[in-house]
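K.L.:
Using the sequences and the hints, build the whole thing.
Here the protein sequences line up with chains A and B, keeping their order. Going letter by letter, the first sequence gives residues 1 to 499 in our numbering. Going letter by letter, the second sequence gives residues 1 to 99 in our numbering.
These aren't lab readings, by the way, just hints derived from the structure by calculation. Because the structure is a prediction, the values reported are computed rather than measured.
In silico lysine-lysine, DSS-like type, Cα no more than 25 Å apart, as pairs:
id, chain 1, residue 1, chain 2, residue 2
1, A, K271, B, K28
2, B, K31, A, K271
3, A, K271, B, K94
4, A, K271, B, K30
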Amino acid sequence: MTDSAYKLGTAPIVVLAVYLVVMIAIGWIGKVSSKEKSLRDFYLGGSSFGVFVLFLTLFATQYSGNTMLGFAGRSYRQGGTYVVSIMFMVVTITMISLYGPRLFRLSRTFGYITPADYIYHRFGSHWLRVICAILLCWGLANYILEQLVAMGHAVEGLSGGRIEFMTGVILLVIVMLIYETLGGMRSVAWTDAIQGVLLFGGCSIILYIILTTEGGLPAATETIATEQPDKLQVPGWEGIRAWFSTLLLLMFGVSVYPHAIQRFFSARSLKTLRISLAGMAFMPFITTLLAFVLGFIAISRFADLTAFESDQVTLLMLLAIVNENDFIRWLVIIVFVALVAAIMSTTDSALLSIQSMITKDIYSVYINPNASQRNLLWTGKVFGWLLIAFLVGMTWVSQQTESSIWALIKLKLEFMVQISPVFILGLFWRRLSRVPMLCGLLTGTGITLVLWVGAALGYWDTAARSPWGISAGVWGLAANYTICFVGGLLWPDQCSKAH
Amino acid sequence: MSDLEKQELSLPEYQGERDMDAFWSAAKLKKEPSKQKWFLPILILLILCSVPWYRSEGQMGSVFLGFPVWIWTSIICSLGVAVLTAVGILGYWKDDDDA
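P.N.:
Here it is, written out as structure tokens:
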């Protein structure tokens with residue numbers, strides 16, 4: 001790959017440098033535009049985003065480097081059944097459309113900054129607020145870690161190996177911290193808007209490449225039908241169960257991503273939010289679908305890639321055509337920069353969300369209740385710097401070790417999905433009180449953790465982590481919802497009795 | 001001062017108060033997608049149709065425009081859910097402060 005990448009020349013490094021300078025300039029504009037030093041202004045951009053910025057920041061945040069690299073790799077390994085990825089990205093928006101209207105109205109009425117503001121307001125439990133904040137922060141930190149690894153690969157690929165993996169990670173992290181520290185959510189959303197446009201352009205280019213090279217999709221399908229027909233066949237019951245498991249995990253898990261929920265709180269009006277969300281329902285057809293098709297076509301072009309190599313099929317597909325002509329070469333450079341943009345836009349949003357939760361839900365409530373807004377803002381910023389330094393260190397460690405304990409760090413969605421009843425039931429069912437909710441959350445998280453820890457310590461194999469082909473998180477979620485239902489019926493919330 | 005700036009300054013910041021009557025009163029909307037009787041049944045039907053549990057295992061079936069028909073079925077069901085979601089959001093999410 002490196003040999004091919006060298007043929008890109010030095011142009012990608014120049015384009016990347018220009019892009020990074022523009023990001024810092026936008027961060028500075030975001031700082032100049034901030035109206036007051038308040039949490040709402042820093043973490044929600046003063047709740048002032050119109051359709052253009054809100055839609056693009058939602059788009060750039062929802063679709064990360066993982067969509068363009070990881071989804072294509074999974075499609076390569078799994079074949080036709082990974083078409084599930086399109087449905088789970090669409091239905092995530094559908095889930096948001098179910099609980100979002102109520103949450104948006106409540107956030108406007110009571111001024112929520114973080115998802116845990118709603119959780120405390122609804123259930124009145126300090127334990128629930130802290131546990132949810134910890135689970136969300138854990139999931140997001142994990143998410144950032146994935147993005148940092150993707151950053152290293154993207155910059156290494158873009159520069160043809162001239163910029164080493166860790167140098168690339170540190171370079172992008174420094175730029176991201178500069179613009180995020182300068183202008184908070186305003187800078188993040190404005191840079192997201194640029195990154196969203198680049199991502200959109202990158203996806204369009206991938207579509208062009210798919211349709212125009214080596215016979216496109218029909219030729220690839222013919223080859224796959226001959227060489228690996230199982231990847232075109234309807235799965236058996238085990239595969240069907242795994243399909244439903246993936247759908248449930250993603251539709252309940254991704255729809256409660258805190259950085260996406262906080263974008264709700266950033267909307268200027270209901271109208272802007274509605275238009276942006278309606279547009280988001282169709283975005284999987286230009287991102288996830290393309291990643292799926294790209295990985296699918298790669299099956300016919302690259303034989304026997306390992307799991308690690310297959311996560312780079314997007315890069316391999318692009319580098320395979322880079323020498324066709326100058327036009328294609330520039331298109332490939334744009335896609336690489338779009339890839340970097342997609343990774344950065346997700347990382348900065350997740351980091352800002354963690355900072356807001358640590359500041360608002362933990363520090364200002366339990367550590368320093370009398371802190372000024374200025375103190376809170378600086379605490380969040382310093383915490384963000386320390387956290388990202390730690391995660392960069394973890395990124396380096398992850399490149400050096402292959403420990404099975406390392407698998408535990410991958411626990412992200414399985415944990416975050418346990419929070420979904422807090423929103424899905426909490427906003428609609430008055431009878432649900434804090435005790436069943438807390439018991440459900442702890443039981444669901446406990447089941448997930450036991451199944452994963454057992455596999456990591458070697459008590460059972462990795463496949464047993466998903467009994468009957470259904471992932472640990474979904475088993476935990478089923479127990480979680482059951483406890484909430486039974487608890488709500490037997491011990492209803494006191495204030496619901498009045499109604 | 002612009003309307004937007006006035007709005008920003010008028011928004012409260014949640015400080016931990018818990019008036020549950022006010023909470024449930026604020027959680028009521030004029031119209032919302034989840035309250036439409038047809039919304040959830042159509043959603044569940046489309047999700048169920050997107051998974052090829054009703055087809056024979058190991059079958060590839062006919063190929064159309066490069067994909068087997070069972071893959072196209074899943075993509076079209078996803079498109080159906082996207083349309084349903086957009087219709088729900090744009091047509092059935094109404095509130096007093098609609099602007």
